[in-house]
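These protein sequence lines are chains A and B, in that order. Numbering-wise, the first sequence is residues 27 to 287 according to the working numbering. Numbering-wise, the second sequence is residues 2 to 111 according to the working numbering.
It should be emphasised that the hints constitute simulated quantities derived from the structure, not laboratory data. Built from N, CA and C at the ideal position, the CB exists for glycine as well. Errors might be hidden in some of the hints.
As the list claims (entries may be wrong) - In silico lysine to aspartate or glutamate, DMTMM-like type, Cα no more than 25 angstroms apart, as pairs:
(1) Lys42(B) <-> Asp194(A)
(2) Lys16(B) <-> Asp258(A)
(3) Lys218(A) <-> Asp263(A)
(4) Lys110(B) <-> Asp189(A)
To be verified - Stretch by stretch, here's where chain B covers chain A in the computed footprint (C-beta under 8 angstroms, at least three residues):
(5) 105-111
(6) 242-250
Unchecked claim - Facing chain B, from chain A, some residues (calculated, C-beta under 8 angstroms):
(7) Met75
(8) Trp78
(9) Ala92
(10) Gly93
(11) Val262
(12) Tyr274
(13) Phe286
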Amino acid sequence: MRRTVLAAVLLLAPPAFVAAQAGETKPAPSQQDPQAAYDELVTALNKAMSDWQTEAQAAIEKAQKAGEAFPAIAMQPPTKEFISRAQELAGAFEGKDDAVRFLAFIVKNASNERNAVRKAVETLAAKHAGSKAIADVLPFLPMATRFGASKSVMALLDQVAADHADADCKALAMITRGTLRLQQAQTDEQRKAAEKDLRDVAAVTKNAELLAQAKDALFEIENLQVGCTAPDIVGVDVEGVPFKLSDYRGKVVLLDFWGFW
Amino acid sequence: MIPHERSLVEKWKDKPFALLGVNSDGTDTEEGLKKYREEAKTMGVTWRSFRDEGSTPKISDTWRVQGWPTLYFLDHEGVIRHKDVRDDAEMEKVLAEMIEAAEAAAKAKK
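Using the sequences and the hints, build the whole thing.
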């Protein structure tokens, strides 16, 4: 499904990609229109990722048939050059709101570029915590914690949640922090801190979408933790026959969210 | 994953144990269902799965599933006892303990 989306993006936006491929002389990064530079970067990355997926898939199938080990290419998406380019562009617009989208690009798209992600989050925390553009990157910050950036992620979320001028930005930071705290929680106290973030959202914003997000995250805290009675599932099986999770009361159930794909 | 699950279903077929899936292969479409049936036959998937799609919100959304597969371990009273135990041996161990508790509870009732 993701591949279809990528293909659609490419069909919609071939000119920028063609220009990039033709190797035209580009103006210095700071002379470029930031939005155009960003769009070009995204288009080029999507194209490279789509090519890589096809190639990696073929390599995996070939290795499986030959009984060989998992091919290295499958673990190496071609993100490196695009992350470097985003770093350059972020540098060219240093300190300005325009830098945020490139720093966000790094957080969203990095695969193995650990240092780049850490630096990007540090820069966001140091220079852009008050920017309106920060909203775009907030939901992606939990991904950055996997690159050893937990500390600056929390520092950024703390700043936005406490001081941002825009109420919805504040609320979004609280939701992200609450969700992240919940994921990392080892103790009841930590779970309480997560819960507080999510409950306090209602005092900050009236935005229906944000309130719904907070409510869903609270549902997870209240119903989906170890020790909670699982919510019932009333549905149909793959053939369309209705049944319920609670039909299995009295039995131990291993509930597996899965797919063949 | 699937071969191990198949072995658990076989091993505990006479025990108070059920493996239930929430399947996200799009079986709400004819094409998706056809593909599912073929794969299930090839892979020996005999256990029942909820269809994830077709309800709003999807079951995986309500359950806040962030990645697949996601595993929940429910005891005989429907209480979540573990989440995402993925190691085969560890999984078998916690399930065996839960099954034992379920049998003890059933016995105590009689």
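Taking the hints in turn, this is what the structure says about them:
In summary, the hint linking Lys42(B) to Asp194(A) is not supported, as the alpha carbons are separated by about 49 angstroms, beyond the 25 angstroms threshold. Taking the CA atoms of Lys16(B) and Asp258(A), the gap is about 22 angstroms. The hint holds against a cut of 25 angstroms. At roughly 36 angstroms between alpha-carbon atoms, Lys218(A) and Asp263(A) are farther apart than 25 angstroms, so this suggested pair is violated. This hinted pair does not check out: Lys110(B) and Asp189(A) have alpha carbons roughly 58 angstroms apart, beyond 25 angstroms.
Counting residues of the stretch 105-111 of chain A whose C-beta lies closer than 8 angstroms to any C-beta of chain B gives 0; at least three are required, and the coverage claim is violated. Coverage of the stretch 242-250 of chain A by chain B holds. Counting CB-CB distances below 8 angstroms, 5 residues qualify, and the rule asks for three or more. Among the interface hints, the one on Met75(A) is violated; its C-beta lies about 19 angstroms from the nearest C-beta in chain B, farther than the 8 angstroms criterion. Here the hint on Trp78(A) is broken, as its CB sits about 21 angstroms from the closest CB of chain B, past 8 angstroms.
Look at Ala92(A): its Cβ only gets to about 20 angstroms from chain B, farther than 8 angstroms, so that hint breaks. With its C-beta approaching chain B no nearer than about 17 angstroms, Gly93(A) sits outside the 8 angstroms limit, and its interface hint is violated. For the restraint placing Val262(A) at the interface with chain B, the shortest Cβ-Cβ distance is roughly 5 angstroms, inside the 8 angstroms limit, so the hint holds. The closest approach between the C-beta of Tyr274(A) and any C-beta of chain B is roughly 5 angstroms, which is under the 8 angstroms cut-off, so the hint is satisfied.
Interface hint status for Phe286(A): upheld, as the beta-carbon distance to the closest one in chain B is roughly 4 angstroms, under 8 angstroms.
Checked against the numbered hints given earlier, the structure breaks hints 1, 3, 4, 5, 7, 8, 9 and 10 and satisfies all the rest.
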